[in-house]
Amino acid sequence: MATEIFMPKLGLTMTEGTIDSWKKNVGDTVQKGEIILSVETDKLTNDVEADTDGVLLKILVPEGETVPCKTVIGWIGAAGEAVPDAGAPAPAAAPETPAAAASAPAPAAAAPAARAEGEYVLATPYAKKLAKEKGFDLARIPATGYKGVVVARDVEGFVPSAASTAAEAVKASPLAAKVAADLGIDLKEVKAAHGRILAEDLLRYISETREKAEAGADAAEREEVKPMSGMRKAIAKNMLNSHMTSPTVTFNLGIDMTEMKRYREQLKAKEIKVSYTDLLVKFVAKALTEFPLLNCSVEDNKIIYKHYVNMGVAVALDNGLVVPNITDADKKSLTEISAEVKELAKLAREGKLPPEKLSGGTFTITNLGMYGIESFSPIINQPEVAILGVNTMEDKVVVRNGEICIRPIMNLSLTADHRVVDGSVAAQFLQRVKSLMENPALILA
Amino acid sequence: MRKITFSEATREAMAEEMEKYPEVFVMGEDLARQGGIFGQFKGLPAEFPGRVIDTPISETFIVGGGVGAALGGARPVVDMHFADFIGVCMDEVLNQMAKVRYMFGGQAKIPLVLRAPDGLAGGGAAQHSQSVESFFIHIPGIKVVAPSNPYDAKMVLKAAIECDDPVLYFENKVLYKEAAEVPEKEDEVPYEIGKARVEREGKDVTIISYSIGMKNARAAADALAKDGVSAEVIDLITLSPWDKETVLNSVRKTHRLCLVSECVKQGGAMAEVAATVAEEALEYLDAPILRYGAPFTPIPFAPTLEKLYRVYPEDLVKGIKGIL
Chain A
1 MATEIFMPKL GLTMTEGTID SWKKNVGDTV QKGEIILSVE TDKLTNDVEA
51 DTDGVLLKIL VPEGETVPCK TVIGWIGAAG EAVPDAGAPA PAAAPETPAA
101 AASAPAPAAA APAARAEGEY VLATPYAKKL AKEKGFDLAR IPATGYKGVV
151 VARDVEGFVP SAASTAAEAV KASPLAAKVA ADLGIDLKEV KAAHGRILAE
201 DLLRYISETR EKAEAGADAA EREEVKPMSG MRKAIAKNML NSHMTSPTVT
251 FNLGIDMTEM KRYREQLKAK EIKVSYTDLL VKFVAKALTE FPLLNCSVED
301 NKIIYKHYVN MGVAVALDNG LVVPNITDAD KKSLTEISAE VKELAKLARE
351 GKLPPEKLSG GTFTITNLGM YGIESFSPII NQPEVAILGV NTMEDKVVVR
401 NGEICIRPIM NLSLTADHRV VDGSVAAQFL QRVKSLMENP ALILA
Chain B
1 MRKITFSEAT REAMAEEMEK YPEVFVMGED LARQGGIFGQ FKGLPAEFPG
51 RVIDTPISET FIVGGGVGAA LGGARPVVDM HFADFIGVCM DEVLNQMAKV
101 RYMFGGQAKI PLVLRAPDGL AGGGAAQHSQ SVESFFIHIP GIKVVAPSNP
151 YDAKMVLKAA IECDDPVLYF ENKVLYKEAA EVPEKEDEVP YEIGKARVER
201 EGKDVTIISY SIGMKNARAA ADALAKDGVS AEVIDLITLS PWDKETVLNS
251 VRKTHRLCLV SECVKQGGAM AEVAATVAEE ALEYLDAPIL RYGAPFTPIP
301 FAPTLEKLYR VYPEDLVKGI KGIL
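These protein sequences, in sequence, are chains A and B. For the first sequence, our numbering gives the first residue as 1, with consecutive numbering after it. For the second sequence, our numbering gives the first residue as 1, with consecutive numbering after it.
Read the hints as simulated data drawn from the structure, not as lab findings. Cβ coordinates follow ideal geometry from the N, Cα and C atoms, glycine included.
Result set (BS3-like, lysine-lysine): computed pairs, CA atoms no more than 25 Å apart in a straight line:
#1 A:Lys129 / B:Lys253
#2 A:Lys134 / B:Lys203
#3 B:Lys321 / A:Lys147
#4 A:Lys331 / A:Lys434
#5 A:Lys70 / A:Lys24
#6 A:Lys132 / B:Lys253
#7 B:Lys203 / A:Lys128
Some chain B residues flagged as far from chain A (calculated, every beta-carbon gap over 12 Å):
#8 Phe25
#9 Glu199
#10 Ser230
My request is simple: use the sequences and hints to build the entire structure.
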């Protein structure tokens, strides 16, 4: 019996996933536990292992396609075994309520429009007739009918891209068609000067493509084109989304770290080794419990206040970054936080972060201090509303009580979403963080 | 408007036709003495003395004698008691009644009506409950009708009696007792054999049936309407020659087709409709054709099993929702 490969649900908040790449081809033998594909979520890219031994019989969802979790994306079975109807097992998604099940069979989930080249398109006769009349290519039309069949409404509701409509209605002279067929040229690529494609259009196309190919050879030496990795795509998507979503303001404030340094030394003397990041997690978490607006998220016109602090800590990797979070950071001791930060960073670098650690954060700390950065404007990790950038700690000349002295100063850069966090609130929050960090004893207060 | 039962409606049709044509007479078992096993001939023997004739228990004679009388210039109406019994006189039906006019090069006509009560009436079992209409749509030379309500029962029977070709008139035993509005004689609209009726207009699916199957069709359409699905309901009325154009036009409009009958599904009259739609309007179908009928088994005697044998409106509703 062939076994389905499902789009895995890699965390509570994951609703859909994108096929980053198939590591196996149709016909390849796979073993249980062997990595067969990688799936990209909005957080990161995960490898997916085969559940069973067999042969990869069919790939239903090609690379780059996004489908809901639990969608059947392929089949594993014995060599040569037939795969059940593509549409049949698809609606395994949500558990049906008994009431819904009793009333009427739920319409089958829409099958992805992407079909393998030359694959027979299941469509009703009427849908085919309509598609023919409208000049649509059935293979491009997503199916919503019974058993994943393309039905009339799918054709009626289909909006082809301008390019594809034009391409589908290629008209060419018999000579041009023959030459194109002989040379293996797709007529859809050829532009006609007058209505239909003539032999001269074809000749022009051939010379143009040759020029382009020659020009391309030069450029290739000076530039290199590489497809984005799954993680890079996820970062690109999330950063752009954040930039489009939140109107941000960045606030900078210098913290006198004298007391904090002393506090850390005291702990060290008692064999408790904590980093400044650990300390920041602890102190900022406390401040956040006092400023709920910095620890919320926005959905539609609603503000969702979180009565917990899940502190995200950005971890730089060789090829990108991830932001695992420390759940309930406000309730954890400094040593617990320290151990967890270390563990998460280690898992992140090994690519083994459990997906649930990557979602549900309420605030993020990102530290560039080790590179000597003095100020920057971090981008908010959606759906959070603020992020704290940590800069380098440096001895600076300052004036205290009318005297010039040297103090270790560290700048904090807070970026906040002005939809909910007004300037005064952000400033007061930052001021509170400063006050806590300059007077570490307050952490107990 | 007055309400009369299906049974009364057929009796009225008989009386009016006997009044109009002296050559109309009735022949069958238990008609003159009993008024018909379902009372459908009640009163006629007194009203038309000598023209309601009881026969011996011989279906072969009933049909054979009817064909002979028709050849001799009469307009006989012969009764089968139970449609199941046509098996006895199959040669008379298949080779005489249906073929004589053709074999005589049209020199003789057979204006004969063969009435045949059919259907599941509860506990009739395998030999007294069958719906056998589908056998006869395969026989060129006979017209086959099966009305679904009192008014049609009357008008279709009158049309059958007036027809110069043999007509097999199937009347459902359960429908006999059902009453409905039937216009007075002067307001009647004659029925033309071969015409179907669009009983209800709709746009999402066409449900087609005839005779008692129309109860399923109507009930399913009602249930679907509550869920916002608009079903077109067609009563075929005549099964041979059937009204292809009305059916095809409807399918071209709704793009979905659901067929239902009480008879065994395999090889049933609805298979012919399905095949014709597939032949002539395939490109208009936006879903597979649904077809409901009895399972391929003799009709069980046990009430529990007879229940399982039947088709219900819910079956249609579920099926139709599955293809929307």
